[in-house]
Structure formats: C-alpha cells, structure tokens
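> Residue-level listing of the chains:
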Amino acid sequence: MMTFGPPSLLPAAAYSPALALGVGVVVALLSVVAFWPHTGLIARWTRFRRANARVLAEDALKHLCKCELEERVPTLASIAGALQISLNHTADVVEYLQSHRLIASREGEFELTAEGRNYGMNIIRAHRLWERHLADQTGLAEAEWHGAAERKEHRLTPEQADALSASLGHPTHDPHGDPIPTAEGEIAPAGGRSLAAMKPGQAVRITHIEDEPEAVYAQLVADGLHVGQVLRVSQVEPDRVSFWSEGEERRLAPVIAANVTVAPVESTLAEEHPGGRGLHTLAPGEAGVVQSLSPLCRGPERRRFLDLGILPGTRVQAEMRSPGGDPTAYRIRDSLIALRQEQARLILLSPESEAA
Amino acid sequence: MSTTPSVAPESACTGCPAHHLSNLRRLGVEMEDWDYVVALAGNPNVGKSTVFNSLTGLRQHTGNWPGKTVTRAEGGFEFGKQRYKIVDLPGTYSLLATSPDEEVARDFILFGQPDVTVVVVDATRLERNLNLALQVLEITPRVVVCLNLMDQARRLGLQVDDRRLARDLGIPVVPATARYREGLDTLLQAIAGVATGDIVGKPHRSLQEPPALRKALTTLVEHLTQLHPGLPNPRWVALRLLDGDERITAAVRSGEIADLATAQGRPLPTAPAAASAA
Amino acid sequence: MKTSHPITADRVLREAQTLRWKIGATFHDDLVESLYKEASRLADRAVTRPGDTPRFDLDRTVDRIVTSRVWGFPLMLLLFAGVFWITIAGANVPSRWLATLLLDTVLPLLKQFSASLGLPRWIDGLCLDGMYRATAWVVSVMLPPMAIFFPLFTLLEDFGYLPRVAFNLDRWFKRAGAHGKQSLTMMMGFGCNAAGVVATRIIDSPRERLIAMLTNNFALCNGRWPTQILIASIFIGATAPPLLAGLVSAAAVVGVALLGILASLATSWGLSRTVLRGEVSTFSLELPPYRPPRFWQTIYTSLIDRTLFVLWRAVVFAVPAGAVIWLVANLQVGGTSVAGHLIDWLNPLGVLIGLNGVILLAYVIAIPANEIVIPAVLVLTVLMTGTTGVGEGAGVLFELDSHQATLQLLKAGGWTLLTGVNLMLFSLLHNPCSTTLYTIYKESGSWRWTVVAALLPLAMGLVVTFFVAQVWRVVAP
Numbered sequence: 001m002m003t004f005g006p007p008s009l010l011p012a013a014a015y016s017p018a019l020a021l022g023v024g025v026v027v028a029l030l031s032v033v034a035f036w037p038h039t040g041l042i043a044r045w046t047r048f049r050r051a052n053a054r055v056l057a058e059d060a061l062k063h064l065c066k067c068e069l070e071e072r073v074p075t076l077a078s079i080a081g082a083l084q085i086s087l088n089h090t091a092d093v094v095e096y097l098q099s100h101r102l103i104a105s106r107e108g109e110f111e112l113t114a115e116g117r118n119y120g121m122n123i124i125r126a127h128r129l130w131e132r133h134l135a136d137q138t139g140l141a142e143a144e145w146h147g148a149a150e151r152k153e154h155r156l157t158p159e160q161a162d163a164l165s166a167s168l169g170h171p172t173h174d175p176h177g178d179p180i181p182t183a184e185g186e187i188a189p190a191g192g193r194s195l196a197a198m199k200p201g202q203a204v205r206i207t208h209i210e211d212e213p214e215a216v217y218a219q220l221v222a223d224g225l226h227v228g229q230v231l232r233v234s235q236v237e238p239d240r241v242s243f244w245s246e247g248e249e250r251r252l253a254p255v256i257a258a259n260v261t262v263a264p265v266e267s268t269l270a271e272e273h274p275g276g277r278g279l280h281t282l283a284p285g286e287a288g289v290v291q292s293l294s295p296l297c298r299g300p301e302r303r304r305f306l307d308l309g310i311l312p313g314t315r316v317q318a319e320m321r322s323p324g325g326d327p328t329a330y331r332i333r334d335s336l337i338a339l340r341q342e343q344a345r346l347i348l349l350s351p352e353s354e355a356a
Numbered sequence: 001m002s003t004t005p006s007v008a009p010e011s012a013c014t015g016c017p018a019h020h021l022s023n024l025r026r027l028g029v030e031m032e033d034w035d036y037v038v039a040l041a042g043n044p045n046v047g048k049s050t051v052f053n054s055l056t057g058l059r060q061h062t063g064n065w066p067g068k069t070v071t072r073a074e075g076g077f078e079f080g081k082q083r084y085k086i087v088d089l090p091g092t093y094s095l096l097a098t099s100p101d102e103e104v105a106r107d108f109i110l111f112g113q114p115d116v117t118v119v120v121v122d123a124t125r126l127e128r129n130l131n132l133a134l135q136v137l138e139i140t141p142r143v144v145v146c147l148n149l150m151d152q153a154r155r156l157g158l159q160v161d162d163r164r165l166a167r168d169l170g171i172p173v174v175p176a177t178a179r180y181r182e183g184l185d186t187l188l189q190a191i192a193g194v195a196t197g198d199i200v201g202k203p204h205r206s207l208q209e210p211p212a213l214r215k216a217l218t219t220l221v222e223h224l225t226q227l228h229p230g231l232p233n234p235r236w237v238a239l240r241l242l243d244g245d246e247r248i249t250a251a252v253r254s255g256e257i258a259d260l261a262t263a264q265g266r267p268l269p270t271a272p273a274a275a276s277a278a
Numbered sequence: 001m002k003t004s005h006p007i008t009a010d011r012v013l014r015e016a017q018t019l020r021w022k023i024g025a026t027f028h029d030d031l032v033e034s035l036y037k038e039a040s041r042l043a044d045r046a047v048t049r050p051g052d053t054p055r056f057d058l059d060r061t062v063d064r065i066v067t068s069r070v071w072g073f074p075l076m077l078l079l080f081a082g083v084f085w086i087t088i089a090g091a092n093v094p095s096r097w098l099a100t101l102l103l104d105t106v107l108p109l110l111k112q113f114s115a116s117l118g119l120p121r122w123i124d125g126l127c128l129d130g131m132y133r134a135t136a137w138v139v140s141v142m143l144p145p146m147a148i149f150f151p152l153f154t155l156l157e158d159f160g161y162l163p164r165v166a167f168n169l170d171r172w173f174k175r176a177g178a179h180g181k182q183s184l185t186m187m188m189g190f191g192c193n194a195a196g197v198v199a200t201r202i203i204d205s206p207r208e209r210l211i212a213m214l215t216n217n218f219a220l221c222n223g224r225w226p227t228q229i230l231i232a233s234i235f236i237g238a239t240a241p242p243l244l245a246g247l248v249s250a251a252a253v254v255g256v257a258l259l260g261i262l263a264s265l266a267t268s269w270g271l272s273r274t275v276l277r278g279e280v281s282t283f284s285l286e287l288p289p290y291r292p293p294r295f296w297q298t299i300y301t302s303l304i305d306r307t308l309f310v311l312w313r314a315v316v317f318a319v320p321a322g323a324v325i326w327l328v329a330n331l332q333v334g335g336t337s338v339a340g341h342l343i344d345w346l347n348p349l350g351v352l353i354g355l356n357g358v359i360l361l362a363y364v365i366a367i368p369a370n371e372i373v374i375p376a377v378l379v380l381t382v383l384m385t386g387t388t389g390v391g392e393g394a395g396v397l398f399e400l401d402s403h404q405a406t407l408q409l410l411k412a413g414g415w416t417l418l419t420g421v422n423l424m425l426f427s428l429l430h431n432p433c434s435t436t437l438y439t440i441y442k443e444s445g446s447w448r449w450t451v452v453a454a455l456l457p458l459a460m461g462l463v464v465t466f467f468v469a470q471v472w473r474v475v476a477p
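Residue numbers (our numbering), protein chains in the order written: chain A, 1 to 356; chain B, 1 to 278; chain C, 1 to 477.
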C-alpha cells in the first residue's frame, strides 16, 4: 500500500513550512510593488518609455498650434515650459522639427509650416476626440481624461481618429468645450470671455474650462464647475468673483476664474434661477418638476435618462428609499425608477417644485 | 378586413409583400417558406415576448424584468392561408441607435422593411411607449399598435380610448391582454390587413421639430428627396444625418438608402404569384 | 439616373455636416424632447385617469413593506432561506431515486445487452463505466435541485419581487463597484453558475455586467454543495463532540458560502478599480408593477429555459469527462496507469498547498462538472492505495454509503484535517466548470474575459490554500 508522504520531487529535508511561508510572503510583496496601478514599477517603466523624441516633437507642435490659435507668440522658454524639459533639450527638439520642415524660425521666432500646422492640428484633434470618447463611452473619472488623452494622442493615426469621430457621431466639441478640429485641420474660433471679466447680475453659460495647468483645472472640477453650466454673477471684487449656481453661492479667486470662459445668455425664466436643486434633495413623498439635466450628465447615462422621459417639465415624485439608504425610487411617467444619489444629483428641479 | 383579400386590388401590387428580400437575407432571415414578415418591436417589459409566444405557440421564458429578450427570436404562424414569419426584436426605449439593441431593432425595421411592424405598447404607461411608436411611424407606415396589458390598465382604473389613439396615429390600434390571449384575433386580422394592403396606414407625422431646426431640415429633406425620389422617410433620414448617425450616413454615402426608395413602390419579382398559390 | 443630377450624396452629407455645427450640441436632447411632447399629448387624449388610483396604492403598500427598514431584510432572508430549504429538502429523494434508476436498474440492463453483443471489454468499459456512468451521475445529482430551485426563483421573478431585492441591496454592491442586480445573479449562481452567468443579461451596464459574470463563480453552486457537506461532516464535524457535530459542520459549510460572497464582493471591488475601470457604467433599475405569476406556465417555461438548458450543457460536457476518467485509470504506460503518472507529477504541488495529487487530478478531470469531484477522488484514491473491496473497478465512479468508510479510505490516502479544510477552500476558489466557461464565452463574446474568468479564481485558490497550508504547518505541532 502506498501512502502520500512529503512531495517526492523535493527532498523532504529541503521543505520547511516556515521557509515556504517566508518565500510566499516575499513573492506576494514583490508582485504588489511591481503591478500596483499608477505607482508600481511596471506602470512607471511604461510611462518612462513613452517620453521619447517623437512624443516631445508632437507636444511641441501642439503647443505652437495652440499659441497660434490664441494669438500668443511662442518662445523657446514657453515650449520648454509646456514640455516640462530643460532649455537645452528643447533646443534639440526645435532643431528636430526644423530639420523635418515642420517649423520655420525667423529672427528667433517660430512659425509653423503648413505641414507642421496640419500635423499639430491632427494631434489636437486626436486629443479632443479621445477626451470626448472617454467622457461619452467609458466610465473613467473626469480628472483622468486629460492625462489619458495626452498619452493616446500620440498613438492614434489620422485614420483611427476619423473612425473614432464617426463612431462618436462626429462631435463638434470636446467635453471641456474646446472645438475639435476637422480632419482637414479647420477649427471653429473659440468665442466667449473670461468669467473674471463679467459684470454683477449677468447670467452666463460656461463654454470652456481650460484644462491646463492641471492643478487649477482639478480645483475647478472639484468645485463642481462644468461646461454648459449656467451661472449668475453676483459680485466682482479685486480678490474674488462670486456667483450663484445650482442653488448656492460660490466664490473663486480671479486668477482661477480667468480659466473659465463664458458666454452671456438671454435672461429667461430658467436663467433667473440658474440650475435649481438636484432631484436627490426630494424626500420620499415629495414631488418636483424637472428643469434640466445637468451638463455633467453625458454619454449613455444622459441618453438613458432621455429615453426614460426625464425631460424639462417632467413631474417626478420620490416614492421610497432603499433600506440601505441609497437608491431612491422615483415615479416618472407612471414607471417606478430607482436612481442612485449621484445620478439624482444630475437632474435639476425647478425652484418652484411643489411638495406632494 | 376580410381574411381573404377577394377584392381586386386597384394597382397590381397592393397585396404583394413589401419586404426587402435581399436585405432580409443579409440580416439572417430565411424567407423560403413564408409569404410575409412581421417585426415585433416594443419597450422592455411590455409583454412583447408574451405576444410573440401567443402568436407562435412557442414558449420563450418571459420574466417580469425589463430586457429579457437579448437575441432575436423568430417564429411563424399561419392566418387566412398566408404564412407569416415573425421576428421578435430586442426591447428598446427608442430607435435612436445609441445601444447595440436599438441598432439591431432599427436596422431591421429600416433595411429589412418588414411587411408589418407590430409595436407592442404598455397601456399603463402610454406616454413612454408612444415615444417608441412615434419613432417607428417615422420610418414606416406599415405599423399596427398592440395595446397590451389592458388587464393591468383596468386594474389601475385607467380608461384607454383605443379608437381615438388609432385616429390620432392614423394606424390600426388593437387593445389586448396577451397573457390571457385576449384581443389576439383582432390583432391577427389587423396584421393580415396591413400585410396584404387592405389596410393602408396614414400616419399623422405631426411631430414638431425644434423651431431653430425647421429651416435647416426643410432644405435637407428637399435635397434628399431630389437625390432619391420615392424615399419613404426622407425627414427621418435627414434627422438621423443631423444627429450624426454613422450607419445612416454610410447608407446615404453608399447609395444603400436608394434601395429602400426602389423597393417600396414596386413588387418584388418572386413574390405575388408564389404568395397566392400557397 | 442620379449622375446627371446636380445633387449628390456627398453634397447632402456635406450640407448635413455644416448644419450640425450650427444647430449645436443639444440637438439630440431637443429631438427626444419633441418626441415626448407629442407622445404625451397623444397619451393625454387617449387615457382617462380616475381621480384616485386605489390599486396603485396596493402596489405602493407592498413596496413600502418589502423595502422598509424594519421588514425589508428579514422578509428577504426568510424568502430565500425558504427557497433553499425547499430545494435541499425536496431534492434528496428524487436524487436518490434517479441514481437508483440510472445506475442500479438501467446500467445492468445495458451491461447485459453489451455482453450479449459480445463487445470487447474496453468498449464496454469506456462507454458504460466511463461515459454513461459519469452522465448518469451528473444528471441524478443535478436535475432534481435544478428542477425545484429554478421554478421557485422564476415565480419570485415573475411576481416582480426580485427587482426589489436588487433595490434593497444595491448600496453594498455599489460600494464594491457593482450593480444591485448582481445580488440576484449571485443567488442564481447558488443554483448553477452557468445559469447565473446567463442571468447577468438583466444588468444593462457593460462594466457591472462583466463584473457579475466574472465573479459569479464565487457563488457556491449546486454541484459543489455535496462536496462541501461531505468533507465538512467527515473532517470538521468529527473534531467537535458528537452532539454538536452536525451543527459545526453546517456552520463550516455556511462559512464557506459566506466566504464566497465576500470573495465575490472583494473581486468586484478590485476589478472595477483596475482592469474594468474604463468600461462604461450606468445604473438603471426599474421596479416593475407586481403581476400575479401564472403558475403552470412559469413552471413549464423555467423548466424548459433554465433547467433543461443547464442540464443539456452539463451532459454534453460530462460525457467526455467520463471517458477521460476511465481511460486514465485503465491505460497503462510502463506498468503504471496514466492516472498514476499524472498523480505523481501533480503531487508535489498538491502537497505544497495542503492538498494532494489525487485531488488536483480529480479537479482537472472534473472541469466539465464539479459534481464528479468526490467520486473521482474516491476512484483515484482506491487506484493509488490499492485498497481492495471498495468500488467497482478501475475508473468506475462510485460513492460510499457510510461516512465512516469514506473517512477510512481517505485517511488511507494520507488525508488530514488540513486536507479537508483546504479541499473545501479549493472547491470554492477554483476555475469555473467548462459549462460555465462556455457560457461566459457565449455571453461576453470575448476569449480574453473567459480566460480571466478561468484563471483569476484558480490563482486565488492556489494562493489561499498555499498560505493556509504553510501557516497551518507552522502553527500546528
């Protein structure tokens, strides 16, 4: 009769559970260090490898295109700043661009050649299309769009960008409100003025939020500002700009407000009370009338809401809350629909919503 | 609405099938042994599969869940000596083709040109369901609305005036409770009537486009009609182009949309003789 | 005919493109709004509403109770405990009856028949002892519980109660990055993972549906309950005083099932934050009106749709499994059976993670159906230990009537309490059966996710049993 002793391939003496446990723990720790998202060794390595010469050249072209659109004069220093590399390194990049006839330099100033402009516009197109795609067709958080698009823009061929544009229904603007250049490199002029330059009492709609520098953008996003949002400016002082939005008054430093571009809106009833409170504020038993869907609600989520008939003027009644406290069921056009709190927040009610 | 179309049709093809045979084949529907094809559309959880089962005698599971039918189901039935193939489309809230399901349903109704499209609507939530019915009517006039779940409507004390709805929509509306096979005979008669051309729907396309759009739309529709005279639904195509619908854009570019214009008006070479001999 | 015309398709498309820049981004919203305006106008004309709607109130009252803070959860537990109890209690007798019929009555007849034909012994062995026996085994273990569980579940579904369960539990699933409806697909998974995977169709958000599909395997399915119960009673129950033995082993099984739910939530959390981070995620949950289920129709369709569907797929996979187990036990290479070679080869890994080669080989053979793990373990142990007087020959599946005899046989095979505990863990955490994998492939349409679904739980199982074994050996004398 044979029995199963210690493993036959390992000499019995070499195996000790304590040793095996130790080895196991070490292997586990090593794989955590290697594979951890963002900060793991593998993630760092792939990031490092991406910063090659072509990427830098393309980023420089993009910077030059943006300068041209905004009628700023690019300098070696501004390029170095945009690329976050040393001046010496920047000079190499510029030389590379010149040798490929993508830019021409005259008296120390840089100018894009037709070819260079087309190239740069294609990168901007890829970037903004990809942001649109991330906003509409994926679940990635808003703060991650820009970074992801910064990487993706260098990998999309013009053909892929065209296919992407088609699959998105040829969008005209990216989620930050920037126009997307056409495949021919044409771009709609950016309109609007800075929020910091508005007068008190004026109702405006946000048309664009500058996504660079990232820290300022992150603050604006954290403050809940988004393209399409309607605001009413209440006070403009040297040290702050105040405005009403979605039922509360907010303040921004003028430096930060300068990164928000707005266009005046005609003062209709809706804008006199810019964006009322969200649906999530209704307690079970209360009812309200939808004023609008927040511009933050986009992609499949927005279309689903529209399909369910959540439209301006629709009456919605909060019926019951889950015993867990979160989804709440609302009666919408004779159907009972459960919405999570962060979804209900995106449905803005008219201020005069009645209680049931 | 007689079961046998005995009255001589005015034009040669009043009673002949309208479906687009080659497109149907491409969509994977075999039409060898069938005279007409019927598409079944509707919102999720309105008893569409129940209607399908009662018409075909099949027993697909139908749960009280929105969105049970994922793949397309097919079956057949015979009525008034004609054989009908019936295709159960995935349940969708709209046909604006924003999800794969909607695209499947939309493509079938548009390119397959079924002889009849039955839109099953929930009588207790008419508003949300008519949203879909109106979109189907924009594509084709060969529609029968099946006002299902009438028992539920009665339970809730709702009175649904099917005659008024039929007048407003300009197409047959049949109240039914498919679970208890109520109203199915009338539904079959209506399907046969539309299929054979005895009933010709005149949908009231009273839809109001956003005012800012009216002028833009008018030009586009005009040009589409000049491009493809006889296109049954130029306004709808124009709206889809403005919405950036890639499938429709491609169909316009390749001229595929023109097939619909030609198929709509004339008999298909194989159809009528075979149909009446059966 | 169109070539002479000044208007071309390209021109129309260009016009449309130019107009799109002018009409702005709210076009889609406006379009839907105008559709609804018209729909609501027509609906208002057609529908007359009574002043007050008494029956709406009935639905509302039921809803208030089943989702109330006080009654919501107890009611839910009671209903599901009831469903499981009826399934377990009701399936025992028909299971035994089926086994007697298929194995003790039909099999001897088939044997006689093949003997009268004078078939060679290996054909007889391969077909009857291998394929037929494995299939009969799977059918008799699987069919009765499926035939009870699915119709009961379907009745609750048709009534409209299940969406309310998803509503009640959504909060916790949301924290794990999942959809409340995953609670239902998981519940379905306790019956059969393949059916659970099919049921994920009710989740319409792509990310949450994939999560539900990939984690369904952590719901301990019907094919694995018998393994858990047997091992818990003969190893874990035996450590307690006889009076408490039943209770302790039951607690161990429930513990493993709860561990599965925990693993499912933890994996959902991990997946939603790493590989599935970018997938589209929208939440939508409609609570349909209650409808009285149509009893017989429901029973009929759920039998056809779910029970027979699952059974058919299981049978398709069980037939080759039966052939394999018979072949590895009977084919000889260099004087030892193929099974012997494989077990020797797998044994080092098996012992390292607190199992043994026999168990690992049994799991490889039982990829088609978890039901045959225990019989395969017994057959292979008999083969390897050379025990006489048990079983019915090499490669012939069997089960022992008494727990005591099973324990003795396994102990002869070198099993300890650690082997028992780790087998229970491994039974929970290992690759899904081939039926489930095939279903995942069909439903997701992706080889990539199917491979993830297979390897992820297997890796988790290997890691968990490895650490348990090492810690056990360090701590235990």
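No lab work stands behind these hints: they were computed from the structure.
Computed from a predicted structure; not experimentally measured.
Cβ atoms here follow ideal geometry from the backbone N, Cα and C, with glycine treated the same way.
It is possible that some hints are incorrect.
What the hints assert, rightly or not - A few chain C residues that face chain A, going by a derived Cβ cut-off under 7 Å, partial list only: (1) T48; (2) G72; (3) P74; (4) R473.
Claimed, not checked - A few chain A residues facing chain B, derived, Cβ under 10 Å: (5) R44; (6) L308; (7) G309.
> Now look at each hint and say whether the structure bears it out.
Evaluated hints:
1. T48: violated, 14 Å
2. G72: Because about 4 Å separates C:G72 from the closest Cβ in chain A, which is inside the 7 Å limit, the hint holds.
3. P74: violated, 11 Å
4. R473: holds, 3 Å
5. R44: violated, 38 Å
6. L308: holds, 7 Å
7. G309: holds, 5 Å
Hint violations for this structure: numbers 1, 3, 5, all remaining hints satisfied.
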